[in-house]
Structures are given as C-alpha cells and as structure tokens.
Amino acid sequence: MTQSPNNSERHPLCNTAEHVFTRRQLLGGSATGLIGLGGLGGLVNPLFAKEMKSKEKQVLFIWIDGGMSQLESWDPKPNTQFGGPFRSIPTTIPGIHVSELMPKTSQIMHKLAVDRGVSTFDNSHSAGVPRINRGDPKDRGVIYPYFGSAVANLMGPGNSGLPPYVWVKPGSGGFKYQDAGFLGPKFGALAIGEGEPPPNILLPETLSSTNNADRNSLREFANQQYSQKRPPKFSEAQNFVYDTAQALMQKRSLFDNPDPKDVARYGDTPLGRDMLIGRKMIEAGVRFVKVNSYGWDTHGDNFNAHASLMPRFDQAFTAVVEDLDERGMLDHVLVIAMSEFGRTPRINGHIGRDHWPEAWSIAMTGTGIKQGAIIGSTNDDGTWVTSEPHDIGHFFHTWFNALGIDSEHTEYINDGQPLPIADEECSPIRELLS
Amino acid sequence: MNNIQYKAVAAPSTDRQLFNAKFSHDGKLLIAGSYQGDLRRFELTEAEPTELTPFGNHHGWVQAFALHPTENLLISGDSWGKLQAHDYTQENPMPLWSLEDAHDGWIRSVAFSNTGEWFATCGMDQIVRIFQTKNGKLRHELKGHNADVYHVLIHPHDDSIVSADALGNVIHWDMKKNRPKRQFDASETFLAHRLQDVGGVQCMTWSPDGTTLLAGGTRPKNGATVQGIPILIGFSWETTERVFLKELGATSDCYCEDVAYHPRGFLMAVTSGTPGTGKIQFLDSQNLDTAEPLFLLSNLSNCHSLDVHPDGDMIAVTTTVRGSNGNGRKVDADGNYIGNTSPIQLLTPDSPMK
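Top to bottom, those sequences are chains H and Y. Under this note's numbering, the first residue of the first sequence is numbered 23, with each subsequent residue one higher. Under this note's numbering, the first residue of the second sequence is numbered 217, with each subsequent residue one higher.
All clues given are correct.
Once the Cα atoms are required to be at most 27 Å apart in a straight line, the calculated BS3-like pairs of lysine-lysine come out as:
1. H:LYS126 x H:LYS302
2. H:LYS99 x Y:LYS546
3. H:LYS126 x H:LYS392
4. Y:LYS359 x H:LYS126
5. Y:LYS359 x Y:LYS397
6. H:LYS392 x H:LYS99
FYI, nobody ran anything at the bench for these hints, they're computed from the structure.
So here's chain H without its partners, still in its complex pose (with noise of 0.2 Å):
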C-alpha cells in the first residue's frame, strides 16, 4: 500500500501570485501593441511574429492514443505487486532501466529525455484528450488550440510552401479544423489518413494549363464573392486549404512508395508506415507534424497488448529519432511522445490497465531539449509521482521555450483580447531544457 499525494501539492513550482502580477505587468507595457495584426494570423505580437518567422524551428509530435502504460515502457518496476511480467533492461544511461519491450530505444536513451514525474488530472479520454492537447490552461471562455494549431500560429508556415500543420494517421485524412480552436480554421490540420495522400491531388491530364488559369480566376471570384458576406476567418480558411492542395500538387512525391529499407527498419506496421511519412514531411519543411497511433487503450489483456504495441512502437521510434539525427535535424526539430495519460498501476479482473492520469511519463528529444535528462520519479511500485509533479502546463512552457519561445511573455490576441500560450499557474521545466 502506498500513501497518497495531497492533490494541493500538486505543482510547486507554479507561483500563481508571481504569475499573474508578471501578466498584468506585461498587459500594462504592452496594451498598445496588442492589436490585431497581419503577421501570423493577426493573432500574435509583431515583434514577435518577426522574430518567429526567421526561425525555422520544427515539432515532430507522436500522439499515441489511448494511453501507453508508463510500467511496460519508460517507468518500469518489475518484481512489484503492480510491476507486470516483463523485465526492465539497461539503457545507454548507466542506471536507467526501460521495460524489456523497448530493447532499440534502450539503446537512444542518451539522445532523450524523459520526465517520469507527469501528473495531470483527466482520466477520461473525452476530457483528456483535449486538455492535455492544449496545454490545460484556465477556462478563459475561448477554446484553446492544440499544440500542433498553437506552432503552426506562433511560427508559421516557414519556407516549405507545405501547411504549417500536418497530421499523418490511421483512418480518414481531410482538414480537422476542430484543433485550431479560436485561432479559427485556417489553423487546423491537414489530416493524411492511410498514408494516402488527398484524392484528386492530381490535374485530371485532360485540363490545359490554360484552363486550369481560367478556372482558378472564376474560383478567385466565386470566393471574392463568398467572402464579402462573411467573417474573414472563414474565406482565409476556405483560401488556405485550396492553396495547400496546391502546395501538396507540387510535391506529390511526398507519397512515392518508401524505399524498402527504410520499411524495414520502421517496421512494417501502421505506425511505422506513418512514421516514415512524418519524417518525410518534416524533411520538407512541415512546421509541426503529428503522427498518431491508435488502440492504446488496454482495459483488457493489457500485457498480451503491450508485448506487441510497445516493440512496434520502439521500432519506428527508434528509427525516426535515428534519422533526425545522423541527418543533422535534431539541432531544429523538437520530437515529442506522448499519451493523455498513463495505466493505472492496479491490474483489473481481465488483466488490464485503467486510466491512470496520477503519475506516468513523457519522452522527448531535439531542439532546445537536454539530451540524457531523465528526470521526476515515482514511488517503487509507480503509483505515485514522488519528485515535484508536472502538468501539463509545465510541458507547453517547456516546449515553447525548446522552439525560442517565450512562453511566459508572448501572448495570442482574440478579437483583441489577450490570452496566455501557456497556462500562467506553470512554468518551463528547467531540467529538461539545454
């Protein structure tokens, strides 16, 4: 039996009081230049719109949905009541064990950093799953971008010509709109679903380049005409993803057959499919990248599960990291992986894990992350988070300072109203920054 946390001691390091005195002191200094603006959206400070635009900072985001159990992955305890089947193995960092089903990882773990000190608060997918993608913060009567929405606004599309935000998945593709939030649906994703790219991303051989030009005029002016009518956001919208289709018929070999070697060193799996795709797509020059993994969630026969899911997963992880890194990229992508939450220590009746929000881990490398930081802890048997707990919030912070970001003092402005990019109670997790 294990004691539990007081909830009120949750986060020390948030001073909420220092908090907001440095935000009214910001609001104070900089009200004139809060005004709604062209830049990135109109949603951003100018200066820092500026400043953003020159740095070609890029986000590698793993979503693995459902929720990875921290116990068979990247916070093991074997030989506990909780602890599982499996062995923890050794990694390149003297003292550090990973579960015995992540052998290639155990083998980056220099090149990572991991915190197995996250505690959050949602232990249902439908509230999980979107706080954690935007960052928690204060109900401020505005729904949040998700991460991906959050970089693709902050620092824009860069040079690639390619949306700012792509979202390479299982399932359908098309435009997800839903994760932009108030940064209106221009901010959304393009959704590659199957590894297939948007149908009709091809001209049709029997159109002319001339009839093509005649056609886009009439669709400039049928939307011309839409637009007078309507709120801005929605033609930028409307504009955007034609123009990213038009971005994506440029690069059509984005989608070409992947070289055979590389299948087989991501595995040829649904993950390592998607994979290989978002390493492609940040090698062009995707702002932020999602790729996402599905059926992680192991109510039932949870170790059976994890014993094929975690060695797919380690696979095409390894692999991408390894990539990023002989190819230099690293230095400006940040790679993130990660879950709403983690497994509940606790074995159920048909020998799964629950939702276990309390206390499991994040696993990150790449640009502005201290490679070989392990850091947080949990009790010997993983129910509790026994180093100072980080939310979410923390993680935001950290990650907008890893890209230059100044999470503590840039702002969005919503129809001119000021709204923290991170959640003000929270702060950047120093051990984990270079």
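Got chain H sorted already, so can you dock chain Y onto it with the hints?
For chain Y alone, coordinates are given in the frame of chain H:
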C-alpha cells in the same frame, strides 16, 4: 446430467492476484501462481481454507506451473524465464533445482509427460523446450512458431506434444526431427488490429479418449479493450480437421480462458470479459450444438482458470474482485492505493456427482 447445480462454498484469496489454481493429487492443497514472484497454497482439510507459507522465489508473474502426475513435485516457470522444481507438500518448500534462464522471458505454460519423466515448457521466446524432470536438464528445443507460444499440451496416450501460439497456430511436433509434424488452424482466434496482435489460443485440452484436441480463445472483434466472442474449436487428432466450433457467449464475454473435461464426461469452460464479466458453463460434450449449457453460472467476475478436485465434486475457479476495474485513483480511507486480488471460487454440487 440435466440437473447440475453448483454453489459457491468458499473463496480464498491472498494479498496478490493469482493464476491457475490447481488441486494437489490428494485434494488437500490448492495451489496457485502469483502476480509477484511466488506460489501460494491453501490447506483444504479444515472447514475454512488456510493459507500456508508462500514459496518459489520467482520473478514477475508465475503463470505457468504443473503438478507431477504421481509425485508431490511441482514445476513452475515465471515471466522472467526461470524454471524451478519444488516438493509442494513441504512446510517451507525449497527448490530441488532451478534454471534462471530456461527461456528468454515469459514462460507461459508447463505440461508433464504421462510418466512425469520429462516436461515441456513454452513462452514468449517462441520456443518449446523439453526438460528432464529430475534435474532440469534440457533434452529438446523445438522451433517453428512465429509468435509467443501460449500453451503446451501432452497427448494422454502417446506423449505427443502440441503447442499453440498467439497467432492461433497449433503445432504437433515431430520429436525425432525436432520440427513441426502437423499443424491445426485456430487462426480464427487471432486478429491483427492496428498495431496489436489480438487473441491467440488461450487454452487447450484433450477429449477423454484423446481423439479430439480442443483449443479455446476468442474470435476477436477489436484490440485495445479487447472484445470478442469466446470460442472453442475442436480438431480431429487423426486428421487435423476441425470437427466443431462452439461459441460460448456474446462479444462482451471475450476470452475462453480455460477448458477441461469433468471426470463425469461433460465439458467445462470459463470465460473472462470486459468489464468484469465472468462465466462458468458446463456443456454436454455429446451434444455441443445444444443451445443451452447444462449449467451456467454468470455472476462471477473474470474467470481465468478451472480445476476439478480429485473427489470429482469440488471445482476451483480463479476469478477477480467485482469492480476491480476503473479509472483514476482508488484509495482506502487512509489514502492507500487499492490493489486487486483473485478470489478462488470453490464450488460444490448441490448433491454429490454420480
């Protein structure tokens, strides 16, 4: 046969979850592997089962163990690959021999030959191994599975070895050539869903006359929170042809976790589903197509194994605590995190079986 009625008489449990409760040959002990590195025993000679000293000094989970057919000897394998032999009747059983790395990782199943001279094991390393009982010396190594091997079984007449894996492939081994001799197709128990390998053969047994091989599992519908219809597939031992497929419930009932023939001839199966669904049912083995089971007990929670007492009456079913599933923190009044346990349901017939 049509009026079988069983009732629960006791439900011993320990401070840890348990696997595969089995009766000793004399019926005086009930033995189970634990989720934390040992084996647990209950003495059944008193009115209430009494827990005896745990033994085993294992690691991880002790899912796999078997009792010697004639001696007070138990072979146990753990999820880290360790094998041990013990006299389970001793007050504080000490290992007679021990193999730290008998397999690379999780040992899933142990089965004795008919004389007990040797035994077979299988596990996560996809290998079936044959060891000498008296000293643990390796005699054979059988490679041919392409997945975690979940179950190994010895034929009651000629010591033929069959093993079944996570992909639903059942292999009859040629012991002279150390390679597969015949294969039985139970792939209906497997589904590749997203990244996950779902299902596989969870249990096997022989018909009493040795002519039919039964493989149990689920017909998976999806991975993650696995759902599927529990099924039993019967194969002709002579031809490898499928001779029956019996569905044992609905999608929520999920896995057929264990199956056995009762000495009186009927077939018994237990199922475990989500959340907390568990059933034991007795089937007329001569009329498996009959819709209604001879006996059905559906108020148990997650039934994982069954065994019949040597007296032919009492049955032990390893279950779990109702309501043991659930998200988030479950703490007691003192703030202590609550684990799970595995009550072993002891059931007896309303009147002695004849």
